[in-house]
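Numbering (UniProt numbering) for the sequence shown: 1 to 791.
None of these hints come from the bench; they were simulated from the model.
Don't take every hint at face value.
To be verified - Ranges between beta-carbon positions, derived for each pair:
id, residue 1, residue 2, range
1, 565, 763, 27 to 33 Å
2, 718, 579, 46 to 52 Å
3, 579, 384, 41 to 47 Å
4, 54, 566, 15 to 21 Å
5, 212, 133, 43 to 49 Å
6, 177, 425, 49 to 55 Å
Said to hold, decoys possible - Using 30 Å as the maximum straight-line C-alpha spacing, the simulated DSSO-like pairs for lysine-lysine come out as follows:
id, residue 1, residue 2
7, 603, 766
8, 603, 733
9, 766, 733
Idealized CB from N, CA, C, for every residue including glycine.
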Amino acid sequence: MAAGGRAGGAAPRPRLGAGDGDSPRAAAPAPTGSRLIGRDALLGQVRAQLDEGRSVLLHGEAGIGKTSLLRQLHRDVPDAVLVSAAAAGTPYSLLHDLLDVHAGARDDPDWADFRSRRRAPDETGDLHLLAEDLADRYLVGSAVLMVDDAETVDLLSLQLLRRLVGRGTQLVVARRPGRRLLREWSALAPVELQVGPLSDDETRQLVARIRPGAVLDDDQLAAIGGVPLLAEHAVSTELGLDAVGERLLAPLGEDARAGARTLAVVQTPVPVAALSSLVGTEAVEELLVSRVLEVHGDRIRFLHPRLEEGLRRSLGYVGCTAVLRDVLESGWDAPALVVADAVEELEPALPSALVARWALAAGQESLLGGDLDGAARHLERAAADDDPARARQARTLLARSLVAAGRIVDARLLLMPLMDELRAEGLDEELARCIDDYIGMLRLDGGEMHVVERHTRWLLGRDRLAPDRRVAVLDALTRSVDVAQLAARTEELLAECERAGSPYSQFCALEAQWRLSHYRGEEPTRRARFAMQALDLAAQLADTELEVRMTRHLLDDLVALGWGEELAARLARLEEISRTRRHAQARWWVQLMSVDTLLRRGKAEDALLAAREAHDAWPRVPEQLRVELLQLQSLVILFVLGDWEQLAAALHEVTDGPDSLWIPDLVPATALLLCRVVAGQAGPDEVATGLDRVVAAPAGWRRVAELALAGRAAVAAGVPAPRLREALEPYGKCWVTFGPAVCSLGPVATVLSGLATLDGDTGSAKYWAAHARMRCTSMDASWWLSEVPDT
């Protein structure tokens with residue numbers, strides 16, 4: 001049941017009941033031409049809510065007339081999209097149906113790509129981005145989306161609807177009573193209206209319309225109870241009110257009756273071919289001809305839910321369990337997710353091994369379709385199977401789903417014993433994949449590092465992996481080691497890369513040299529050359545993952561160098577990749593980089609909103625990493641705002657808490673010293689001690705930030721610091737960054753100009769001030785330009 005919308009990009013949707021001169025918030029007139037009996041008041045309520053910009057959730061039992069109500073509303077709203085969610089059990093089913101009836105999507109290559117990929121493995125992990133792009137393109141603000149039969153819907157589509165509602169799209173949702181997904185739908189459509197029974201007079205009017213001259217007695221009226229569907233059956237010559245489903249099946253053959261009962265137990269539409277393979281084509285045709293079933297797209301379902309419910313009641317719990325058990329044991333050629341509701345309801349009476357086998361298949365389908373939460377839920381059930389091989393397969397897939405969802409810590413708890421099992425069985429490639437998953441995007445602690453290195457050394461010692469795979473395993477290990485071990489591991493990796501001699505190994509060698517230079521805190525010009533050479537190799541390999549990874553490194557260097565023009569070009573390239581190739585990491589990083597762009601222009605409040613949005617919008621990035629980046633950006637935002645009291649409080653939390661990947665020890669301590677100086681709480685001796693500590697510290701990956709913050713403290717306190725100035729001068733043409741260039745602290749030259757002034761070196765002060773102005777102009781940094789000394 002669907003109706004086409006209008007093409008994307010057309011004019012905004014006209015308000016219901018608003019003419020050219022009407023206010024958009026005016027009450028909608030009563031619908032014209034409505035043939036619905038007893039529903040005019042309810043129709044008016046729904047239309048009034050839509051005119052106020054609200055979404056509506058309609059509740060009503062099966063047969064009460066919800067579908068007829070939605071069809072009438074659909075006729076009243078010229079650009080509405082009406083679909084049924086009855087078949088929306090597999091990932092993105094509902095979104096597919098919403099787009100399928102939208103005229104604007106039909107010639108879009110992305111739509112064709114989505115249709116072909118939705119039932120195939122989501123190997124690239126970007127299907128959710130393709131879905132978001134299509135939903136944003138065609139469904140945001142341009143239509144009222146009407147969803148019937150909303151008791152069963154895939155959660156991925158539901159998440160996208162939440163996104164659409166947040167951007168102005170309105171919903172009208174109809175569903176039967178029940179607890180499943182009620183809270184989720186209520187959050188999307190907060191205005192809830194009941195579709196109640198017709199009155200006795202309205203029931204008589206309906207019967208008279210269906211069958212002129214028909215008269216109902218009081219007993220019949222009581223049995224109908226104001227339900228329109230039962231009124232239709234009551235006056236039909238071939239049907240009575242009692243046991244409608246069984247009476248429909250009585251004249252049919254045994255195969256047709258078995259097919260109907262099977263479909264009733266499954267509780268959701270199934271592929272036509274799947275039902276035909278189970279009960280036979282002739283039985284399916286018999287059910288269609290007798291109007292027990294109807295075809296809905298490529299699926300088949302009951303003509304009405306009340307028939308389905310009646311059959312389930314006649315079977316009873318034991319009968320339904322027997323039917324479902326036969327279906328699960330038959331090797332039925334249908335998606336496992338089709339029977340998810342039935343399994344959930346009848347699981348206590350089913351053999352645990354049968355449920356585990358089904359859960360493994362359902363988990364695989366969910367994982368391949370991109371439904372990571374659904375995959376985890378099913379695979380956790382399958383992992384408890386008594387069959388060791390099936391349980392291990394489930395745990396492996398569960399760990400993979402957790403990694404993809406950004407739940408690295410949870411995944412590691414599963415991967416630790418799995419690595420031991422794979423090693424014991426000599427499964428080298430599988431073990432290498434587990435090591436990749438284990439490291440993920442988060443640093444390892446000492447104990448974890450020991451485990452990973454033990455398995456990596458075993459793999460390398462066996463020497464059964466392909467040369468590039470050996471490089472990849474050693475590269476993953478090198479990326480995760482402690483900074484103190486980085487030089488030795490890099491030397492080993494470079495030797496392995498030279499041995500492999502492939503373009504991929506050359507890329508890894510260049511990235512390893514970049515990484516070592518970065519963590520040593522070296523001036524960024526040299527390592528930027530490594531990044532550019534590696535990007536050329538990534539282009540030769542046509543490897544998007546490698547290009548995105550190296551572009552992120554290069555962006556750090558370009559900000560650190562203050563090369564604004566090249567930075568803009570590389571950011572534009574990353575944005576292009578994020579858009580055309582739907583690369584999640586690229587999109588996330590472009591969003592993060594926009595925070596520093598806003599800060600350079602002095603738009604601190606906007607930057608804070610953008611930083612929070614970047615944190616909230618990417619749940620598949622590990623939470624720990626998102627929190628650390630948000631924390632770092634928030635500290636710089638407080639600095640730009642000049643909120644020294646709150647900045648000091650936030651820094652105390654950093655220094656008193658565990659070590660942070662993104663904020664080294666001396667950066668928060670030196671920033672706290674600066675806060676105390678500004679607040680007048682630090683005397684010259686405290687400042688001098690703090691400066692000496694920074695100067696004496698070994699060079700590390702945040703060296704420029706430590707020195708620049710110390711320099712700002714010295715200038716603010718009026719304490720000359722010639723040794724600090726000498727240590728900072730090699731970075732004089734740089735921009736202050738904190739490692740990842742998602743926020744920065746202006747040109748080093750500004751600080752050097754202030755230090756030179758304290759030393760009485762007027763010539764150097766003018767030179768560095770001029771250089772700072774030049775850098776600020778290149779970086780489009782009006783805020784940092786405003787604080788350059790006027791020498």
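Status of the hints after comparison with the structure:
1. 565 with 763: 27 to 33 Å: 29 Å, holds
2. 718 with 579: 46 to 52 Å: Taking Cβ atoms as reference, residue 718 and residue 579 lie about 50 Å apart, which means the hint holds.
3. 579 with 384: 41 to 47 Å: 42 Å, holds
4. 54 with 566: 15 to 21 Å: With a Cβ separation near 49 Å, residue 54 and residue 566 fall outside 15 to 21 Å, so the hint is violated.
5. 212 with 133: 43 to 49 Å: About 53 Å separates the Cβ atoms of residue 212 and residue 133, which means 43 to 49 Å is violated.
6. 177 with 425: 49 to 55 Å: This hint holds: roughly 51 Å between Cβ atoms.
7. 603 with 766: 28 Å, holds
8. 603 with 733: Judged against 30 Å, a Cα distance of about 25 Å means the pair holds.
9. 766 with 733: At roughly 14 Å apart (the allowed maximum being 30 Å), residue 733 and residue 766 satisfy the hint.
Figure legend: structure checked against the earlier numbered hints; hints not met, in rising order: 4, 5.
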